[in-house]
Amino acid sequence: MLNISPEEVVETLLMITQQNLDIRTVTLGLSLEHCADEDLETMSKKVYEAVVERAERLVPVCEAISREYGIPIVNKRIAITPMAHLASACRDADVTPLAEALDRAACEIGVDFAGGFSALVHKGTGDGDARLIASIPHALSATERVCASVNVASTRAGINMDAVLRMAEVIKETAERTADRDSFGCGKLVVFSNMVEDNPFMAGAMHGAGEPDVVVNVGISGPGVVRAVVSALPEDADLTAVAEAIKATAFKITRAGELIAREAARRLGVEMGIVDLSLAPTPAEGDSVAAIIEAIGVERCGGPGTTMALALLNDAVKKGGAMGTSSIGGLSGAFIPVSEDAGMVRAVEDGALTLEKLEAMTSVCSVGLDMIVIPGDTPVETLAAVIADACAIGVINNKTTATRLIPAAGKSVGDTVEYGGLFGAAPVMSVNGWAGTRLIRRGGRFPAPLGSLRN
Amino acid sequence: MRTPAILSVLGEDRVGLVATISRVLADAGANIEDIRQTIIGGMFSMTMLVTVDEDATPFDELQARLIAAGEEIGVQVTFQREDVFRFMHRI
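Going down the list, the protein sequences come from chains A and B. The number in our numbering is simply the position in the first sequence, starting from 1, with 71 added. The number in our numbering is simply the position in the second sequence, starting from 1, with 4 added.
For the record, the hints were derived by calculation from the structure and aren't laboratory data. Beta carbons: idealized from backbone N, C-alpha and C, even for Gly. Treat the hints loosely; a few may be bogus.
Stated by the list, open to error - In silico SDA-like cross-links for lysine to any residue, where the CA-CA straight-line distance does not exceed 20 Å:
#1 Lys194/A to Asn468/A
#2 Lys390/A to His93/B
#3 Lys318/A to Phe91/B
#4 Lys390/A to Arg94/B
What the hints assert, rightly or not - To be clear about the criterion: a stretch of chain A counts as covered by chain B if any three or more of its residues have a C-beta under 8 Å from a C-beta of chain B, and this derived list gives those stretches:
#5 133-143
#6 327-340
Start from the sequences and build out the full structure, keeping to the hints where you can.
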């Protein structure tokens, strides 16, 4: 007997065909600890072989699942052991060959991105970490699909302010090295506080030490579906009704993610890890977190009320998602990348959305200062201070924050840059010029907050 | 392997629609368990619960045949594994 109504079937089909419901990513987490070797060339070869051997079935399996279930899987990705662990085994100053090996493997198996050219330095920077961080600008300019991320702060450790400044320098250098592509290298580089070990989303995906050897993690999407549901509510529906509608929709989206995660894990013969409940926008019209905020009732995203509306959205998504899967993980909070969200871009162009408002929004969602293009001549201390502010929000509030800033070389406020595809396009945003240099040049460590003492 | 699937047809109602789709299913050894027709938002909608005998015809091959048949008669056919709907619409 057909226990699904035709209306429910059509609702699902409309979600997919008209509201951009998709699975944003199936990300295979891979431990590469066993590839460590004193010789960089040998290690790079091991990395390439290990990735190709373990992940070669990922793309065909995802494509088959996508066809059979009728749900697009937009990206197939891999996330690996933080590469700094491997870098510590050798003595080479430039470990870019490891990134190049990973890039070649990613091309060979057909995945869209490979995350994990990463280091965790929230409490201190080891020798391998330092060499990996120094290699980031070269690695990101020499590869297409490799993503880098560095954790500089945690609630348990505080903020490594020396690492914050170092990362600001690395971002600037990456921008210069990829100047011919409007500094796109910085779009593949994230600076975190409270980085998570099972994030399937780029550019911050890596495979943490607490993970099994191989694991499937899935990132859902669906801002377009949520926007359509909120837009369909009566104009005078109260906020409880808005939250309820978002919650019910988030449940359905999450279930799609749960099903795909289970099926991908089964067919690949590996463990299922997590479903990440983050709403991830795309540049497609309407598939926008800004559009949801505006559908809730703020005239233009960034206007007063935006932080509240985003908090309501984020909370309702989690409540609905929590019923949909028992394996919540990753970042699980709405994404507000500017260039990747046509509504955010419009809000910036209209003067409604500023860097400061995005910082406020960071406090109620997962990844705040994301895909923001700023003038290429932004001083390194200012860049570091913006990162430090985002870290402070994360450290004090015991949550993940991330910054993905692009100081586009040669660009200034008024210019627009185009990255294409999921990365979209964005106007160059202005940065408050009053950071000074003294705060950042103090360096040292912002001590772990009192709130971290929980034992 | 017997796989339950949902076949849905969206478009304009026309003579021979059910016959065309049913023939493709019968040729593939797939059984129609249930069938419903309704008008949703002014559009004709037919929903079938089908059991696919994957030993006789692989799922993706039947899916391709059904989509091709739909294109011939000018309707949109989607053919998906049934559990996606169960997962999304039932607790």
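Q) Okay, which hints does this one fail, numbers in order? A) Violated hints: none at all, because every hint is consistent with the structure.
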